Amino acid sequence: MNDTVTLAHGAGGKQTAELIDRVFRKHFQNRYFTSDDASVLPAPAGKMAMTTDGFIVSPAFFPGGNIGKLSVCGTVNDLTCMGAKPLYMTCAFVIEEGFSMEELEQIAASMEQTAAEAGVVLVAGDTKVAGKGQADGCFITTTGIGEILDGVSTSGRFAAPGDAVIVTGDIGRHGTAILLARDDYGIEADVKTDCAPLWNPIHALLREVPGVHVIRDATRGGVGTVLYEIAHEAGVGISLEREKIPVAEEVKGVTGMLGLEPLYLACEGTMVLFVPESLTDSALRVLREQSYTAGAAVIGRVTAENSGRVIMETEIGARTYLPEPGNELLPRIC
Amino acid sequence: MKQMERAISILREYSGPEVRIMEVCGTHTHEIFRQGIRGILSPAIHMISGPGCPVCVTGTGYIDEAVWLAEKKGCTILTFGDLVRVPGSEESLQTARAKGAKVRTVYSPQDGEAYAAEHPDEECVFLSVGFETTTPSSCIAVKNAVRDGIGNFSLLTANKTMPMAYEAMKDSTDLFLYPGHVHAITGLSVPRMLADTHQVSGVCAGFTARELVTALAVAVTNFEKGGYFFVNCYPRVVREEGQPEAVRLVDSMMEPCDDLWRGIGRIEGSGMKLRQEYASYDARIRYEIPFMQGRTNSGCRCGQVLQGRIEPGQCPLFGKVCTPEHPSGACMVSSEGACSAYYLYGDHQTLL
Chain U
0 MNDTVTLAHG
10 AGGKQTAELI
20 DRVFRKHFQN
30 RYFTSDDASV
40 LPAPAGKMAM
50 TTDGFIVSPA
60 FFPGGNIGKL
70 SVCGTVNDLT
80 CMGAKPLYMT
90 CAFVIEEGFS
100 MEELEQIAAS
110 MEQTAAEAGV
120 VLVAGDTKVA
130 GKGQADGCFI
140 TTTGIGEILD
150 GVSTSGRFAA
160 PGDAVIVTGD
170 IGRHGTAILL
180 ARDDYGIEAD
190 VKTDCAPLWN
200 PIHALLREVP
210 GVHVIRDATR
220 GGVGTVLYEI
230 AHEAGVGISL
240 EREKIPVAEE
250 VKGVTGMLGL
260 EPLYLACEGT
270 MVLFVPESLT
280 DSALRVLREQ
290 SYTAGAAVIG
300 RVTAENSGRV
310 IMETEIGART
320 YLPEPGNELL
330 PRIC
Chain B
0 MKQMERAISI
10 LREYSGPEVR
20 IMEVCGTHTH
30 EIFRQGIRGI
40 LSPAIHMISG
50 PGCPVCVTGT
60 GYIDEAVWLA
70 EKKGCTILTF
80 GDLVRVPGSE
90 ESLQTARAKG
100 AKVRTVYSPQ
110 DGEAYAAEHP
120 DEECVFLSVG
130 FETTTPSSCI
140 AVKNAVRDGI
150 GNFSLLTANK
160 TMPMAYEAMK
170 DSTDLFLYPG
180 HVHAITGLSV
190 PRMLADTHQV
200 SGVCAGFTAR
210 ELVTALAVAV
220 TNFEKGGYFF
230 VNCYPRVVRE
240 EGQPEAVRLV
250 DSMMEPCDDL
260 WRGIGRIEGS
270 GMKLRQEYAS
280 YDARIRYEIP
290 FMQGRTNSGC
300 RCGQVLQGRI
310 EPGQCPLFGK
320 VCTPEHPSGA
330 CMVSSEGACS
340 AYYLYGDHQT
350 LL
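Line order of the protein sequences matches chains U and B. Going left to right, the first sequence walks through residues 0 to 333 as numbering that gives the first Met the number 0 numbers them. Going left to right, the second sequence walks through residues 0 to 351 as numbering that gives the first Met the number 0 numbers them.
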């Protein structure tokens with residue numbers, strides 16, 4: 000078999016079958032993955048959540064992950080935000096002619112591993128090959144279905160004055176890692192993406208603390224963008240304390256040099272939670288016992304005043320607006 | 000920590016005569032807003048955002064020159080990101096790029112030179128704006144190009160120096176907050192001379208919250224005592240003599256020229272251009288750029304903002320037609336511009 004993907008692999012004939020066997024069937028084997036035109040699945044008992052997401056990250060491989068892991072985490076985490084246990088996923092690949100077969104297999108292997116960790120099954124897939132220059136490397140779209148836990152109901156609209164704003168870990172690592180991986184700035188620093196499937200820790204949290212108001216994945220636009228979205232959706236203000244926001248030293252160093260605000264850099268394994276004040280301590284206790292969320296911290300509160308605004312309390316005790324996100328931040332980070 | 004708390008309480012409780020303090024550096028402007036420092040000042044202390052953001056003081060004609068190079072000469076424009084969105088008379092580099100002009104963002108002049116070396120078939124022009132802190136890197140880039148025999152790299156200079164600008168601005172303020180990184184290079188002779196013989200007081204400050212509040216507290220305490228003074232509040236980094244090597248490098252490659260400051264006008268001897276022996280690295284000479292006057296949006300009052308004559312909110316365009324997404328003037332484009340800082344961080348008086 001060739002060591003790069005060619006247009007023939009997308010033509011639907013023998014070579015397409017070879018590609019599917021070698022790469023996808025090998026890694027996505029499970030009882031629902033068939034040669035038929037669609038998978039036949041048992042329906043969950045409760046309410047379902049469904050989501051879809053496209054991934055075009057450049058470069059496709061970066062410290063701590065690759066586009067395959069990212070594409071599973073993205074959909075798993077979107078379902079997780081609704082309190083939904085991820086059940087089934089599909090994936091559609093658009094691959095540029097000439098893409099390395101070995102890298103494609105690494106991507107598929109990462110997807111297999113990440114899906115297994117999150118307990119989700121890849122039930123169907125599609126492969127298209129685009130001519131050289133008509134796509135860049137490998138693009139993946141994933142779609143997922145999950146079953147919402149009994150008694151859990153989350154939405155940005157539920158944010159209420161008094162709620163604690165929690166981040167599940169230090170922020171801005173994915174955006175920084177991608178920035179460094181592109182090597183546009185000639186800066187050397189050891190920053191790995193935070194990319195991780197968060198169903199397990201959030202499931203543990205929701206079992207003990209089902210009354211969480213909001214769970215939101217802080218991907219494109221980062222935590223700051225998510226907070227502004229929620230402030231608008233719920234018609235509340237959000238007050239943050241600069242000194243409580245966890246940022247890794249390496250990320251601080253890089254963002255300081257480039258004049259970037261970590262609150263606006265993407266996270267792929269860090270979420271923002273809004274939790275009623277009375278539940279804050281137990282939420283933090285559960286999160287800190289789990290992997291991926293051991294660094295959970297309260298960074299601020301919801302207020303009735305300053306509706307639609309995020310206010311920052313600075314290290315000298317003064318208050319300013321957190322600048323509202325705008326313009327192009329970093330393209331192609333997910 | 001104690002020192003910072005004491006400085007904060009001095010600034011909160013100051014009850015001396017009204018004092019205007021002009022920060023002349025865009026990085027100071029941005030940090031003062033980001034830290035919310037205006038919000039803790041006594042009502043008798045007025046901060047004025049001066050002309051120290053290189054993007055903000057760069058004239059429209061300069062953008063027109065860059066667009067002309069890209070569109071008429073097919074040059075690859077290498078630039079710091081902020082400049083891309085600054086409106087020219089007709090177009091910005093952003094709109095030119097959308098129509099096919101080659102505009103690339105780089106992080107330093109040396110990166111620009113490296114890009115030129117890797118792309119020998121492109122005519123590369125670096126947009127060399129900035130003050131004493133960045134001018135040495137532009138000189139190093141040209142030096143490297145000479146060393147490496149790179150013939151497709153040149154500078155479009157709009158480098159500026161502060162001394163003449165201090166002189167031109169001195170009636171707009173009672174004292175200057177001098178930028179530490181500029182004086183780390185140029186030394187302290189100019190601010191000392193201004194205090195001793197021109198009745199212009201000032202303090203030199205670093206960039207952290209602690210360094211800024213400390214310097215401001217020193218400034219108002221001395222102002223209340225009366226007389227003219229200069230205090231170096233950033234001695235860790237700023238030495239009397241500065242960095243003579245950097246100054247010598249710039250002097251050996253560049254010479255002063257008159258320069259146009261957006262909204263302020265021509266200031267004699269306030270610009271820097273490459274000396275005759277480096278003429279082939281000077282884009283204006285190399286490409287015979289015609290003189291471009293540049294026109295600004297008639298309603299834009301950036302000029303008065305830069306001179307501290309009005310607050311950004313007093314400009315009729317502010318926050319209405321002029322926003323960071325659709326800037327009419329340069330002060331709204333750059334993250335160091337006064338208008339952008341007001342817009343993004345809010346006016347502390349309106350914050351609940």
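Because the hints were derived from the structure by calculation, they are not lab data. Only a predicted model underlies this, so the values are computations on that prediction, with no experimental measurement involved. We treat Cβ as the ideally placed atom computed from N, Cα and C, and that holds for glycine. There's no promise every hint is true.
Estimated spans, in silico, between C-beta atoms of each pair [what the hints assert, rightly or not]:
no. : chain 1 : residue 1 : chain 2 : residue 2 : range
1   : B       : Arg146    : U       : Thr3      : 38 to 46 angstroms
2   : U       : Gly161    : B       : Gln313    : 48 to 56 angstroms
3   : U       : Glu314    : B       : Arg235    : 15 to 23 angstroms
4   : U       : Phe60     : B       : Met192    : 52 to 60 angstroms
5   : U       : Glu314    : B       : Met192    : 48 to 56 angstroms
6   : U       : Thr3      : B       : Glu117    : 40 to 48 angstroms
7   : U       : Arg21     : B       : Lys71     : 51 to 59 angstroms
8   : B       : His118    : U       : Gly53     : 31 to 39 angstroms
9   : U       : Ala10     : B       : Lys71     : 41 to 49 angstroms
10  : U       : Gly53     : B       : Glu89     : 33 to 41 angstroms
To see whether the hints hold, each was checked on the structure:
no. : hint                                    : verdict
1   : B:Arg146 - U:Thr3: 38 to 46 angstroms   : holds, 40 angstroms
2   : U:Gly161 - B:Gln313: 48 to 56 angstroms : violated, 38 angstroms
3   : U:Glu314 - B:Arg235: 15 to 23 angstroms : holds, 19 angstroms
4   : U:Phe60 - B:Met192: 52 to 60 angstroms  : holds, 57 angstroms
5   : U:Glu314 - B:Met192: 48 to 56 angstroms : violated, 35 angstroms
6   : U:Thr3 - B:Glu117: 40 to 48 angstroms   : violated, 26 angstroms
7   : U:Arg21 - B:Lys71: 51 to 59 angstroms   : holds, 53 angstroms
8   : B:His118 - U:Gly53: 31 to 39 angstroms  : holds, 32 angstroms
9   : U:Ala10 - B:Lys71: 41 to 49 angstroms   : holds, 47 angstroms
10  : U:Gly53 - B:Glu89: 33 to 41 angstroms   : holds, 37 angstroms
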